[in-house]
Amino acid sequence: MSAVRRWLFSLGRFALFCGDFLKAAIRQPPPPGATMAEAYRIGIRSMPILLIISAFVGTNLSLQGYYAFKPLGGQSLVGMFVALAGVRELAPIIAASMIAAKAGTEMASQIAVMRIQQQIDALEVMAVNPHWYLITPRLLGIVLVMPALTTIAMYVMVAAAYVVGVYQLGLNGAEFLEFAVQAADTRDLFYGGLKAMIFGVIICMVSCYNGFYSGHGARGVGTATNTAVVTAAVTCVVLNYFISEMVYG
Amino acid sequence: MADSVSNDLSNSVTNSPKPLMYLEDVWKSFGSLEVLKGVSFAFPEGKTTAIVGPSGTGKSVLLKHLVGLLEPDRGKVMVFGTDMAQASEREKFAVRRRMGMLFQDGALFDSMTVGENIEFPLVHHQKELSRDQRRARVAEVLEQVELPGLEDRPTSALSGGQRKRVGLARAIVTRPEVILFDEPNSGLDPITSDAIDALISSMQARLGITFIVISHDIVGTVNVADYIGMLYGGSLIEYGPTEDVLRSENDIVRRFLHRNLELPHETGAGARLPGLERWRDK
Amino acid sequence: MEWLATLGRFGLFAGRVARRLIHPSWRLGDFTQQLYLVTTRCLGPVIAVTLPFGMVIALQGLQIFAMFGSEHLLASLVSVTVIRELSPVLASVLVAAQGGSAFAAELGSMRIKEEIDATEVMAVDGIAYHVVPRVLAVTLACPMLNLVGSIAGIAGAFITAVVFRGEQAGVFMAQLWAFTQPSDLWGSLLKTAIFGVIIGLISCYHGYNASGGAAGVGKAVNETVVYSVLAFITANYFLTTALFGQSS
Chain A
3 MSAVRRWLFS LGRFALFCGD FLKAAIRQPP PPGATMAEAY RIGIRSMPIL LIISAFVGTN
63 LSLQGYYAFK PLGGQSLVGM FVALAGVREL APIIAASMIA AKAGTEMASQ IAVMRIQQQI
123 DALEVMAVNP HWYLITPRLL GIVLVMPALT TIAMYVMVAA AYVVGVYQLG LNGAEFLEFA
183 VQAADTRDLF YGGLKAMIFG VIICMVSCYN GFYSGHGARG VGTATNTAVV TAAVTCVVLN
243 YFISEMVYG
Chain B
116 MADSVSNDLS NSVTNSPKPL MYLEDVWKSF GSLEVLKGVS FAFPEGKTTA IVGPSGTGKS
176 VLLKHLVGLL EPDRGKVMVF GTDMAQASER EKFAVRRRMG MLFQDGALFD SMTVGENIEF
236 PLVHHQKELS RDQRRARVAE VLEQVELPGL EDRPTSALSG GQRKRVGLAR AIVTRPEVIL
296 FDEPNSGLDP ITSDAIDALI SSMQARLGIT FIVISHDIVG TVNVADYIGM LYGGSLIEYG
356 PTEDVLRSEN DIVRRFLHRN LELPHETGAG ARLPGLERWR DK
Chain C
493 MEWLATLGRF GLFAGRVARR LIHPSWRLGD FTQQLYLVTT RCLGPVIAVT LPFGMVIALQ
553 GLQIFAMFGS EHLLASLVSV TVIRELSPVL ASVLVAAQGG SAFAAELGSM RIKEEIDATE
613 VMAVDGIAYH VVPRVLAVTL ACPMLNLVGS IAGIAGAFIT AVVFRGEQAG VFMAQLWAFT
673 QPSDLWGSLL KTAIFGVIIG LISCYHGYNA SGGAAGVGKA VNETVVYSVL AFITANYFLT
733 TALFGQSS
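Chains A, B and C, in that order, are what the protein sequence lines are.
Our numbering applies: residue 3 is where the first sequence begins, and numbers increase by one.
Our numbering applies: residue 116 is where the second sequence begins, and numbers increase by one.
Our numbering applies: residue 493 is where the third sequence begins, and numbers increase by one.
If you're looking for bench data, these hints aren't it; they were derived computationally from the structure.
A couple of the hints might just be wrong.
Stated by the list, open to error - If you want the footprint, here are the derived chain A segments under chain C, 3+ residues with CB under 8 Å:
hint : region
1    : 4-10
2    : 15-28
3    : 137-148
As the list claims (entries may be wrong) - Calculated pairs, DMTMM-like style, for lysine to aspartate or glutamate (alpha carbon to alpha carbon, straight line, at most 25 Å):
hint : chain 1 : residue 1 : chain 2 : residue 2
4    : A       : K25       : B       : E186
5    : B       : K242      : A       : D123
6    : B       : K242      : B       : E266
7    : B       : K152      : B       : D304
8    : B       : K207      : B       : E160
9    : A       : K25       : B       : D198
10   : B       : K191      : A       : E126
11   : A       : K25       : B       : D304
12   : C       : K605      : B       : E243
13   : B       : K179      : A       : E126
14   : A       : K72       : C       : E563
15   : B       : K207      : B       : D247
16   : A       : K25       : B       : E204
17   : B       : K242      : A       : E126
18   : C       : K605      : B       : D140
19   : C       : K605      : C       : D617
20   : B       : K191      : A       : D123
21   : B       : K162      : B       : E243
22   : B       : K179      : A       : D22
23   : B       : K207      : A       : E247
24   : B       : K162      : B       : E204
25   : B       : K162      : B       : E149
26   : A       : K25       : A       : D123
27   : B       : K179      : B       : D140
28   : B       : K179      : B       : E149
29   : B       : K152      : B       : D188
30   : B       : K207      : B       : E266
31   : C       : K605      : B       : D220
32   : B       : K191      : B       : E243
33   : B       : K207      : A       : D123
34   : B       : K162      : B       : E266
35   : A       : K72       : A       : E180
36   : B       : K207      : B       : D220
37   : B       : K207      : A       : E180
38   : B       : K162      : B       : E139
39   : B       : K179      : A       : D123
C-beta: ideal position from N, C-alpha, C; glycine also.
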C-alpha cells in the first residue's frame with residue numbers, strides 16, 4: 003500500500019506545485035524575451051524528429067489499413083482509415099509523445115540540474131520566484147507551438163500514407179484522397195489543435211515538476227527525466243480517450 | 116552538561132550588542148533525525164560571524180533558516196525584525212532583497228555569461244536602472260572581486276575560484292545589508308582558499324556590512340571572523356569573539372581547533388599560521 | 493557529417509556487445525534481475541497506454557463501420573490493427589521511454605561517477621557486466637510486454653464496443669479472431685524482439701558514453717528515447733512490409 007500512498011503524495015504535491023505556479027504567474031508578466039526563445043527551441047528542435055516519425059507512422063497506417071481491408075474488398079477505404087485514425091487520434095498523440103520525449107526531457111533535466119546545483123535556491127534567495135521564472139516561458143512556448151506541430155504531423159502522416167498507398171500498394175490516388183477528405187475535415191484540425199494544447203500543458207507541468215523535485219546527483223537528474231517522459235506520455239494517452247469520447251462520441 | 120552551557124550562551128548571545136539577526140531556541144528535525152536542538156545564535160551588526168563545526172552538525176541547515184529556505188519546528192528566526200519562521204512569501208522576499216548569499220559552488224546559471232549572472236538581481240529588483248547603469252555596476256563589482264573585464268565569459272569556462280568570486284559579485288551587486296557565505300573555501304586549493312579569505316576580509320573592511328560565514332575550515336575562519344560560534348551535535352557549544360573562542364576550555368572545541376592551529380599557552384612552533392598573527396596582535 | 497561518425501561508433505559498440513554475448517562472460521543472474529526490473533517497470537505504463545488506445549480505436553472504428561452497417565466487423569479490425577501494429581509500436585515506445593531511459597540513467601550516472609572505470613580497472617569487462625544483461629533482458633521483455641499490450645488493447649476495444657456502445661459481446665468475441673492468423677502474432681513478436689534489441693543497444697550506448705556531469709546524464713536519457721523511437725519506427729516500416737505483405 004505504500005506505493006499507493008507515495009503516488010497519492012506525489013499527486014498532491016503536483017497539485018500544490020501547479021497552484022504555486024498559477025499564483026506566481028498571475029501576478030506579473032512573463033520574463034521578457036524568454037517565451038519566444040523557448041517556443042523556438044521547442045518547435046524547431048523537435049521538428050525533424052516529428053517529421054520523420056509522422057511519416058513512418060503514416061506509411062504503416064497505409065500498409066496495415068490495406069492489409070486489414072483487402073480481405074473485405076475494401077481497399078478503397080484505406081484513405082478513410084488513414085484520415086480517421088491518423089488525423090483524429092494518432093497525430094496529436096505522436097506529436098505529444100515526441101515533444102514529451104524531446105522538449106519534455108530537456109525541461110526536466112535542465113531544471114533538475116539547476117536543483118542539484120542549488121540554482122533554484124539561489125533564485126529564491128535573490129527573491130525571484132522560481133516557479134514564475136522557470137515555468138512561465140516554457141509553458142507559453144509549448145502551448146504556442148504544439149498546435150502548429152500537430153497540424154504539420156497530420157499533413158505529413160497523410161502525405162506519407164498517400165505515397166505508400168499509391169506507389170507501393172497500387173491504390174488509386176484520387177480515390178484515396180476523396181475518402182480521406184470525407185473522413186477528416188477542419189473540425190478535426192481544430193480539435194487536434196485543442197488536444198495538442200492540452201497535451202502541451204501536461205507535458206510542461208509534469209516535466210518541470212519532476213525537475214523541480216529531483217533527487218540528488220546525476221542519478222536524480224536521470225530519474226527525474228525518466229519519470230517525466232513516461233508520466234507525461236501516459237497521462238496524455240489516457241486523457242486523449244476522454245477528450246475523443248467527448249468530442250467524437 | 117552541554118545543555119546548561121548552551122543556556123548560558125543563549126542568554127549572552129541574544130543580549131549581545133545590536134544583533135541584526137538572531138535565532139532563538141530553534142529546533143529542527145528531519146523525520147527522526149534531530150538536527151538543531153534549541154539553538155540560539157546572534158549575529159552582531161557590521162561584524163563577521165562564523166559558524167563552525169564538523170560536517171553534518173547542521174550548519175547549512177541553520178543557514179537555510181536564516182534565508183527562509185527552511186522553517187524551524189520551534190523557535191524564532193528574526194531577520195531585520197521579521198520572524199522568518201512565520202513570514203509569508205511576500206515578507207520573505209522583502210527580507211531577501213536586503214541579503215546576498217554565496218552558495219557553495221556559486222550556484223551560477225550555466226546558460227548565461229558572467230555579466231548576465233551578476234546583473235540578474237538588478238534586472239529583477241532594480242528595474243529603474245538603465246542597461247548602461249547595470250553594466251557599470253557589474254564592472255564595478257567585478258573590480259571589487261578582482262576579476263575585471265570578465266563580463267562576457269561563459270560561466271562554464273570558469274575555474275572553481277573564479278566561480279566563487281563571480282558568486283560573490285552577484286551577492287554584493289544589490290548592495291545588501293547582510294551577506295551569507297556557505298562554505299566559501301570548499302573545493303579550493305590552499306592558495307586560492309587564502310586568496311578568497313583575503314577577499315572576504317577586505318570586502319568586510321570596505322563595505323562594513325554584516326557577514327555570516329559557514330565553514331569547516333578553521334584556519335580560514337580565524338582569518339576572517341570577529342565572532343565564532345561552534346555547533347556540535349545540533350547544539351551551540353561555544354560562542355564569542357574569536358580570541359575568546361581560541362582560548363576556550365571546552366574539550367570538543369579545543370580538539371576541533373587544535374587539528375589545524377597551535378593554540379595559546381602551548382610552547383613550540385607558535386605563529387606558523389596567518390590567523391594567529393592577527394590574534395597575537397590584539 | 494558528425495552523425496556519420498556517431499553511427500560508426502554505435503556500430504562498433506553494437507559489435508562489441510555481440511561478441512561479448514557469445515562468450516560466457518556475462519551472468520545469468522544479472523540478466524534475470526534486469527528482466528524482472530524492465531518488466532515490472534514497464535508493465536503499468538504499457539497497459540495504461542494500450543488500453544485507452546484500444547478504446548479510442550473502437551470509438552473511431554465504429555464510426556466508419558456504422559456508415560456501412562457493418563459494426564460487427566469492428567472486432568476483426570481491432571484485433572488485426574492492435575496485434576499487428578498498435579500494440580507493438582505503443583508498447584515499444586513505452587519500453588523505450590521507461591526501460592530504455594532507466595538504462596541510460598543508470599549507466600550514465602555510473603559513467604559520470606567513474607564506476608565503470610573502476611569496474612574495468614578491476615579487470616572486469618564493463619560491457620559484458622553491465623550492457624549485455626540489459627540488452628538481452630529488453631529483447632525478451634519487449635515481446636512479452638507487447639503481448640500484454642495486445643490483450644489490454646483488445647480489452648479496451650471490448651469495453652468501448654460492448655459496455656459503452658452496446659454491441660453484442662458474443663458477436664464481438666466470435667468475430668475477434670475472424671481475420672487474425674498465427675502469422676500475425678509471430679510477426680508482431682518478431683517485430684518487438686527486434687525493437688527490443690534496438691532500444692537496448694541505443695539506450696546502453698548513450699548511457700555508457702555519457703559525459704559532462706549530471707547534465708550529461710539528462711542528455712543521455714533525452715537522446716535515448718528520441719533515437720530509439722526514431723530507429724524502430726523506421727525499422728517498423730520495412731519490417732511490416734516484409735512480414736505482412738504476404739499474408740493477405
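Requested in this report: Find the hints from earlier in the document that the structure breaks and name them by number, from lowest to highest.
Outcome: 1, 2, 3, 7, 11, 12, 15, 18, 21, 23, 24, 25, 30, 32, 34, 37
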